[in-house]
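Going line by line, the protein sequences match chains Z and P. Residue 81 in our numbering is what sits at position 81 of the first sequence, and the numbering runs on without skipping anything. Residue 142 in our numbering is what sits at position 142 of the second sequence, and the numbering runs on without skipping anything.
To be clear, the hints were calculated from the coordinates, so they are not data collected in a lab. Idealized CB from N, CA, C, for every residue including glycine. Treat the hints with care, as some may be off.
Stated by the list, open to error - Derived contacts from chain P toward chain Z, CB cut-off under 7 Å, selection only:
no., residue
1, E91
2, T128
3, L160
4, A163
5, Q165
6, S166
7, L167
8, G168
9, A169
10, T173
11, V178
12, N182
13, A225
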Amino acid sequence: MSESFLSIRSVRKSFGATTVVQDFNLDVAPGEFVSFLGPSGCGKTTVLRMVAGFETPTSGAIVVAGKDVTRLRPNQRNIGMVFQSYALFPNLTVAQNVGFGLKVAGMGKADIDARVKEMLALIKLPEFGDRYPYQLSGGQQQRVALARALAPKPKLLLLDEPLSALDAKVRVSLRDEIRLIQKNLGITTIFVTHDQEEALSISDRIVVMYGGKAEQVGAPFEIYNRPQTRFVANFVGTLNVLEGTVSDAAAGKVALAAGEITLPGRLDGARNGEAVSLALRPEAISLGEKAGADTRLAGQIADVHFLGSVIRVKVAVGDNVVSLDTFNSPSAPPPEIGQPTGISFAASDLLLLR
Amino acid sequence: MRRLWAWGAFLLGLLYFVLPLVGMTEFSLKMRRGEYSFDAYAKVLGDPRFQETFSYSVVMALFTIAFGVLLVVPTAYWVRLKVPRARPWIEFVTLLPLVIPAIVIVFGYIRLYNTSSWLPLTGSATGTNVLLMFGYATLALPYMYRAVDTGLRTIDVATLTEAAQSLGAGWGTILARVILPNVLVAVLSGAFLTFAIVIGEFTMAALLNRPAFGPYMQLLGANRAYEPAALAVISFSITWLCMGLIQIVSRLAPKPPSQPN
Numbered sequence: 001m002s003e004s005f006l007s008i009r010s011v012r013k014s015f016g017a018t019t020v021v022q023d024f025n026l027d028v029a030p031g032e033f034v035s036f037l038g039p040s041g042c043g044k045t046t047v048l049r050m051v052a053g054f055e056t057p058t059s060g061a062i063v064v065a066g067k068d069v070t071r072l073r074p075n076q077r078n079i080g081m082v083f084q085s086y087a088l089f090p091n092l093t094v095a096q097n098v099g100f101g102l103k104v105a106g107m108g109k110a111d112i113d114a115r116v117k118e119m120l121a122l123i124k125l126p127e128f129g130d131r132y133p134y135q136l137s138g139g140q141q142q143r144v145a146l147a148r149a150l151a152p153k154p155k156l157l158l159l160d161e162p163l164s165a166l167d168a169k170v171r172v173s174l175r176d177e178i179r180l181i182q183k184n185l186g187i188t189t190i191f192v193t194h195d196q197e198e199a200l201s202i203s204d205r206i207v208v209m210y211g212g213k214a215e216q217v218g219a220p221f222e223i224y225n226r227p228q229t230r231f232v233a234n235f236v237g238t239l240n241v242l243e244g245t246v247s248d249a250a251a252g253k254v255a256l257a258a259g260e261i262t263l264p265g266r267l268d269g270a271r272n273g274e275a276v277s278l279a280l281r282p283e284a285i286s287l288g289e290k291a292g293a294d295t296r297l298a299g300q301i302a303d304v305h306f307l308g309s310v311i312r313v314k315v316a317v318g319d320n321v322v323s324l325d326t327f328n329s330p331s332a333p334p335p336e337i338g339q340p341t342g343i344s345f346a347a348s349d350l351l352l353l354r
Numbered sequence: 001m002r003r004l005w006a007w008g009a010f011l012l013g014l015l016y017f018v019l020p021l022v023g024m025t026e027f028s029l030k031m032r033r034g035e036y037s038f039d040a041y042a043k044v045l046g047d048p049r050f051q052e053t054f055s056y057s058v059v060m061a062l063f064t065i066a067f068g069v070l071l072v073v074p075t076a077y078w079v080r081l082k083v084p085r086a087r088p089w090i091e092f093v094t095l096l097p098l099v100i101p102a103i104v105i106v107f108g109y110i111r112l113y114n115t116s117s118w119l120p121l122t123g124s125a126t127g128t129n130v131l132l133m134f135g136y137a138t139l140a141l142p143y144m145y146r147a148v149d150t151g152l153r154t155i156d157v158a159t160l161t162e163a164a165q166s167l168g169a170g171w172g173t174i175l176a177r178v179i180l181p182n183v184l185v186a187v188l189s190g191a192f193l194t195f196a197i198v199i200g201e202f203t204m205a206a207l208l209n210r211p212a213f214g215p216y217m218q219l220l221g222a223n224r225a226y227e228p229a230a231l232a233v234i235s236f237s238i239t240w241l242c243m244g245l246i247q248i249v250s251r252l253a254p255k256p257p258s259q260p261n
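Construct all of the structure, not just a fragment, from the sequences and the given hints.
Structure below.
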């Protein structure tokens, strides 16, 4: 990674006896888009608020562009922030909202007007300057909030679940718009979300958080395909878990109720008889025979969900039920519940959770 | 049937409140024997003491409002933002003027700030005026605090503050440009209530011996027949005007934007 622009060093945050963030470390490169992903209460918003200056770390340091900002007040940090609830000032027009930070900075009226115009064009609302926040939809308000945060040219942009309050369609379009603007401006951005699809689709890197700790930091592809902990594997994406027992550790064999699976060289350090969980993404499994698959298990169709372009099929395999997706084909009807079938997959796609 | 009872109760209430006012207004118009006239009003309005005391009370009301706004807005804002757990205590304190009679407060003032005390405010007219203004602010505190607190409840104080801070604003800017404009209607409601209280207040002004409108009304009532009724009507009109202004400014409030669910 190139030299870090934002550096969060051994940060811990406690509220009374409760520690909500523990030993959190992260380096963010200039222009990088990093998402904090995790369930409610995992500490992701607290870390963001510490970067913004709204919370003070109990210990550790936060460095932005080489300057330690840990003890600086929020209004001294030049960090832009977009909130889940938009937080537009109701008494000001859109243009006044966007120009608020510039006015506070003491910029002249002509310069403010020019910058506001530029920002409104950036968010594709050039005609909305005279409107008040109550005259805008949720998506428009959030775009104005984004323009307002970007107007003073902050060093860092923080987005605190900015899409959570919007409906699905607006969420997707605004998500792409945010990413496009971020790329064009090259601004280093931290994005907090509990929505894995959001995080996977727009991030350069994702920090998966749980219990106040960073469970895994990596590119979306890495997080999704090579989760390092059971939590990350379960939290990111849909996962089928096959419970089994190590039958021959040296040969890499795991016994399942529905058969035996061989994982060459993957059971180093395991003991025979040890319980293990094998995880598999739905898209790695095929109904019936699949070219290149080296593992086959017999089962029975347990449930079928027609989702339009995709059909999600649940197959009972021994004691386990696995989900897999097949594409809809108008010429082939979905399988019947109770119908005997088989599933196949490549053993190398299995994730070993211990 | 239920509607009939409701109308009956409404009419009874209306008669209870309105009849004395009608009677008083009618009496105030009877100064000229055998016909209705505004003689009592003309006499009152032409009285130099009326003009002096009324002007004094208006000026005092304006100072009280300014002091009340400067005291209550930052306090209510800070309590909501930083110490929400202290809200019940602050509310309790602001309610005290409703249960402690004004005469007790003013005797406390006189005892604390008399000419032989460490802060002899009653030793000069200006000092006594300042003391009286503090007294008025105390009496108006329950109304002013509640009005402002209700206004603050309608906005997301914490997030708006953080948004302003992230844009570089300090506390002064946040209060002046973000919080105050958004609770202005509530502040004005509190201001009009304060105005109405100050204009009619008697106890404090009389015991501090200041030339206010309340003592003037009492003085006139003790010595004249028709003028006190005219004065009472004028005083009621001022109060109602204040109430009407509260209603008008309420409609001018900035509308809150649609909030996410």
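Q.
So, as I understand it, the hint says Q165(P) touches chain Z; can you test that by seeing if any CB pair is closer than 7 Å?
A. Interface hint status for Q165(P): holds (4 Å vs cutoff 7 Å).
Q: Classify the hint on E91(P) as holds or violated, based on whether any CB of chain Z lies nearer than 7 Å to its CB.
A: 25 Å, violated
Q: Using 7 Å as the Cβ threshold, decide whether L160(P) counts as touching chain Z.
A: Nearest chain Z Cβ about 6 Å off; hint holds.
Q: Would you check whether V178(P) satisfies its interface hint, that is, whether its CB is within less than 7 Å of any CB in chain Z?
A: Holds. Min distance 6 Å.
**Q.** chain Z contact restraint for T173(P) - C-beta distance below 7 Å
**A.** 6 Å, holds
Q: So, L167(P) near chain Z? Judge it on the closest CB pair being under 7 Å.
A: Nearest chain Z Cβ about 3 Å off; hint holds.
(Q) Checking hints one by one. Is S166(P) an interface residue toward chain Z, by the C-beta closer than 7 Å rule? (A) 4 Å, holds
**Q.** Hinted contact A225(P) with chain Z - closest CB pair below 7 Å
**A.** 52 Å, violated
**Q.** G168(P) as chain Z interface residue, shortest Cβ-Cβ below 7 Å
**A.** 5 Å, holds
Q. Should the hint that N182(P) touches chain Z count as held when the rule is a Cβ pair under 7 Å?
A. 5 Å, holds
**Q.** Hint validity - A169(P) Cβ closer than 7 Å to any chain Z Cβ
**A.** Because about 5 Å separates A169(P) from the closest Cβ in chain Z, which is inside the 7 Å limit, the hint holds.
Q: Using Cβ atoms only, decide whether A163(P) comes closer than 7 Å to chain Z, and label the hint accordingly.
A: 4 Å, holds
Of the numbered hints given earlier, the model fails hints 1, 2 and 13; all others are met.
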